[in-house]
Amino acid sequence: MTKTNPGNFFEDFRLGQKIAHATPRTVTAGDVALYNALYGSRFPVQSSDVFAYAVGYPRAPVDDLLVFHIVFGKTVPDISLNAVANLGYADCRFLHAVYPGDTPTAVSEVIGLKENSSRKTGVVYVRSSGFNQDGTKVLNYVRWVMVRKRDEAAPAPGDLVPQLPQTIDPSTLGSACPQIAVRSYDFALAGSPHRFDAYAVAEKIDHLDGMALEEAEHQLATRLYQNTARVHFNQFAQSKDRFGRRLVYGGVVISLARALSFNGLANAFHIAAINGGRHVAPMFAGATVFAWSEVLAKAELPKRTDVGALRLRTIATKDRPCADFPLKQNEADDPAVILDLDYWVLVPR
Amino acid sequence: MTKTNPGNFFEDFRLGQKIAHATPRTVTAGDVALYNALYGSRFPVQSSDVFAYAVGYPRAPVDDLLVFHIVFGKTVPDISLNAVANLGYADCRFLHAVYPGDTPTAVSEVIGLKENSSRKTGVVYVRSSGFNQDGTKVLNYVRWVMVRKRDEAAPAPGDLVPQLPQTIDPSTLGSACPQIAVRSYDFALAGSPHRFDAYAVAEKIDHLDGMALEEAEHQLATRLYQNTARVHFNQFAQSKDRFGRRLVYGGVVISLARALSFNGLANAFHIAAINGGRHVAPMFAGATVFAWSEVLAKAELPKRTDVGALRLRTIATKDRPCADFPLKQNEADDPAVILDLDYWVLVPR
Amino acid sequence: MTKTNPGNFFEDFRLGQKIAHATPRTVTAGDVALYNALYGSRFPVQSSDVFAYAVGYPRAPVDDLLVFHIVFGKTVPDISLNAVANLGYADCRFLHAVYPGDTPTAVSEVIGLKENSSRKTGVVYVRSSGFNQDGTKVLNYVRWVMVRKRDEAAPAPGDLVPQLPQTIDPSTLGSACPQIAVRSYDFALAGSPHRFDAYAVAEKIDHLDGMALEEAEHQLATRLYQNTARVHFNQFAQSKDRFGRRLVYGGVVISLARALSFNGLANAFHIAAINGGRHVAPMFAGATVFAWSEVLAKAELPKRTDVGALRLRTIATKDRPCADFPLKQNEADDPAVILDLDYWVLVPR
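Residue numbers (the working numbering), protein chains in the order written: chain A, 1 to 349; chain B, 1 to 349; chain C, 1 to 349.
No lab work stands behind these hints: they were computed from the structure. Note that this is a predicted model, so its numbers are computed, not measured. Hints should not be assumed to be uniformly reliable.
Note that the list lumps identical chains together, so a pair holds whenever it fits in one copy or between two copies.
Said to hold, decoys possible - Here are the computed lysine-lysine pairs in the DSSO-like style, where the Cα-Cα straight-line distance is at most 27 Å:
#  : residue 1 : residue 2
1  : Lys328    : Lys298
2  : Lys3      : Lys328
3  : Lys298    : Lys3
4  : Lys114    : Lys303
5  : Lys3      : Lys204
6  : Lys18     : Lys328
7  : Lys120    : Lys137
8  : Lys137    : Lys240
9  : Lys3      : Lys114
10 : Lys18     : Lys240
11 : Lys120    : Lys3
12 : Lys298    : Lys18
13 : Lys18     : Lys114
14 : Lys18     : Lys3
15 : Lys120    : Lys298
16 : Lys18     : Lys204
17 : Lys303    : Lys137
Take the sequences, apply the hints, and build the full model.
Structure (structure tokens):
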């Protein structure tokens, strides 16, 4: 009897199936330091206990994306070990702040299954949730992945494509963000004077800076999240694959783009939700990542005058500066584009 | 008068000599985070304060191998700075759990000396012990290294090969492991249902996954342990050596193999002892490490029904998957094998 | 209206101008662990809470250079984003110990401005200070950088070269160092028996060891300090530059040299001041760093019999051992020299 986990194949999933994922992990100041060293993030609420306390947090919360990566990492051995491709994210809400000392766990529910016409693979839709040690839900998102079948002849385990929101209603945002004492928010220390009102819909911002990525860096990051997907680590196997190289975990690109976006969005201190995201092209170590953002929408939050929400589209590229705001919407578009992320951030008013 | 430490040469050691090693170091949550980032370890007792507390620890203990590496690192400037080869380990016992905030120190005693027939080198046997800030012994092991003589004409400083146990009596194991509340041990969160009874003597487990290693990674790891052996860091000198490259500290390979072994041994949450270990071939950055294990023996522990002991042999290879369980016992055997480790782990019953 | 920070150009500065820098950041045990992993530092006061407490600190303080790098990093986006060259440091005093949990901020004052004859660039002199969360000044130093002009036709914004001390009066040193209980300072655990009296003026010490540096390592270090200078990270842009490569942040070389200097200066536990420093040649990843030191002077501290001050000159080289104490004073001198640092350390008496 084999004791190793070969991962689930398409026919192993069932609609409504719930999976409690290993491994619970206490997040610490060590994880936060590594996150900073890996991406160079500079948002003051997550950097400084003093700044965070002054504006209304008990102390500096853990970066939203670090929470996302930790929860995501837990789901990999059960959901995507046999994935051909990570197709997309949707309806991702950051529901409660996480602090060093907290111990997130993760649970997923299968909410959709659709066999591909080849019958060799199928798409699995899961809603994954992260919980704190006290049961508080801290994060909730849907992702869908294309997973191999073990046996092509096996019947499809279900046939349902779930309805997913194109964007998250901004009136539901903000539960992970305490009431912000904007008078105590030091805009000089934060690095920018620009508040919610300074941003306009359709405004485009080139984040200017570029960050090269090394193999050691993305491996350190991805292991930190206990993400076990083989494509990120097994160079021996990857050398026989079509790319010949390790693929960078998409979350590393998201975190790099977010850190670069500080230059232009320094006061966008909290990611409240991710409407959707696509990894448009694979990222490999050795390339330099650039990013730009567009303000897609602005929204006030119900009963809150402290912060407003900006809906952003952030595009990341490899080895290509973004002064001319490149996009990839079709195959013929710019091949340097690697990420297309649609999300809501909160900004002081 | 020179103030730099040239390291001890073979004729500098004396039987019975005791050496208190520098540098005491407080282990923190930062070290734990780096350990996770470097190896991707997923054992829940060491990952989660909540899980550890539920099963009987006051909080998550530091990974056994991190403790080993920290103690080992301290011994290097005094014992093995002039080593030609690290020949082996034996009789290594993990005696007391270490927690973040503890400050290990290390002491070694010379228990054997044997000049080689060439008279250019000799083998030094030391028993090294790690102690916590309160004097509690946390770790105890023997290693033997081949050390250069400063002066070939110098007389041998002693002539004794110590008797070492081939294996550690399992009835002496477990002092670093509190009584485990198995009912509170959540096997779903731990990532595997397999308890002590599920493993059979002679069972072989291919751990499947492969992990590539970069120069930056093994350097970060080895510096974290304050291990100063030049072969791991001094590329300028190594470039003139027979390999032309930095050698990876053997402890990095042990930790990678242990982390890989989670896939198949997820509930082997504690290394209680290491019977012996050999670095069969050198490891260099750039290779992908694989591992497999065999259950050599099983043992109950006196007066304990909570956990049982598995004696494991774990083999690590470079750039070679382990589905066919490769070994290197003779020179003609598989050259991809780099580690052959014989140790006792504890598993819930 | 652009929201990104293009950095200040020479004509943007004014004499007497004060700049409060982003981002405040709480230093944690995670930062300390990363610092150790990046450089392999072994000074016991900074490594062990137990050792530090025994000699008179409340617990292990943060390494002086980590404090320097964190404060320096904050100044980069405002001072040196458009720098052509970082020309020098002077009058750097470590005024108060920093502990994990503290939250440094940084402020700079422009104290000198001198346009170059080309009118394309000018030299900006700033005095930068780091403060703890309670307003205590922890660090104070002057640096001068050559900064591009945005518009060559713009008038020079000032014309003043400040008078700077060649060396810091040793009678002013020591405020960051509590009274040391030398009787409780364990020289065996510290790794060397050599006290203040053992060192002689003009004594030269080859630190022997060499440490190779990888791209991932200097990037991790420099991001940890939230230093955003593009030359360290943007390989895409650097590939078009004269070197074709990322430049290593000079502070990384200083920290490597300091860590190497442990071998010969193990009891030089605190950097009290930096008289001056020059990065004599650029450092790139892939090279192995070596170092040697000369004792330039010795001084007693007023009313203190616990510690004395050594004025050291530490030279770092790349891919060149330092047994013959190489220097670069003129262009024709040894091109392997990369750092020439003049500083005061405290040593137990």
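Hint by hint, here is what the structure shows:
Taking CA atoms no more than 27 Å apart as the test, Lys328 paired with Lys298 passes inside one copy only; the shortest distance there is 24 Å, against 58 Å between copies. In the homo-oligomer, the alpha carbons of Lys3 and Lys328 lie at most 27 Å apart only across protomers (24 Å), although the nearest pairing inside one protomer, at 43 Å, exceeds that limit. Taking CA atoms no more than 27 Å apart as the test, Lys298 paired with Lys3 passes between copies only; the shortest distance there is 17 Å, against 51 Å inside one copy. Neither within a single protomer nor between protomers do Lys114 and Lys303 lie at most 27 Å apart by alpha-carbon distance, with minima of 41 Å and 54 Å respectively.
Taking CA atoms no more than 27 Å apart as the test, Lys3 paired with Lys204 passes between copies only; the shortest distance there is 10 Å, against 52 Å inside one copy. When the C-alpha separation of Lys18 and Lys328 is checked against a cutoff of 27 Å, the pair qualifies neither within a copy, at 35 Å, nor between copies, at 44 Å. Taking the shortest Cα distances, Lys120 and Lys137 never come within 27 Å of each other, neither inside one copy (35 Å) nor across copies (57 Å). Proximity of Lys137 to Lys240 under the C-alpha cut-off of 27 Å is found in neither arrangement, the shortest distances being 41 Å within a copy and 48 Å between copies.
Proximity of Lys3 and Lys114 under a CA criterion of 27 Å is satisfied in neither setting, with 29 Å inside one chain copy and 44 Å between copies. In the homo-oligomer, the alpha carbons of Lys18 and Lys240 never lie at most 27 Å apart, since the shortest distance is 35 Å inside one protomer and 52 Å across protomers. In this homomeric assembly, Lys120 and Lys3 come within 27 Å of each other (Cα to Cα) only inside a single copy, at 26 Å, whereas the closest approach across copies is 49 Å. In this assembly of identical chains, Lys298 and Lys18 lie within 27 Å of each other by CA distance neither inside one copy nor across copies; the values are 36 Å within and 35 Å between.
For the homomeric pair Lys18 and Lys114, the shortest alpha-carbon distance inside one copy (18 Å) is at most 27 Å, but the shortest distance between copies (62 Å) is not. For the homomeric pair Lys18 and Lys3, the shortest alpha-carbon distance inside one copy (21 Å) is at most 27 Å, but the shortest distance between copies (45 Å) is not. When the C-alpha separation of Lys120 and Lys298 is checked against a cutoff of 27 Å, the pair qualifies neither within a copy, at 43 Å, nor between copies, at 42 Å. With identical chains, the CA atoms of Lys18 and Lys204 are never at most 27 Å apart, being 41 Å at best within one copy and 31 Å at best between copies.
Taking the shortest alpha-carbon separations for Lys303 and Lys137, only the intra-copy value of 23 Å comes in at or below 27 Å, while the best inter-copy value is 41 Å.
Of the numbered hints listed earlier, those contradicted by the structure are 4, 6, 7, 8, 9, 10, 12, 15, 16.
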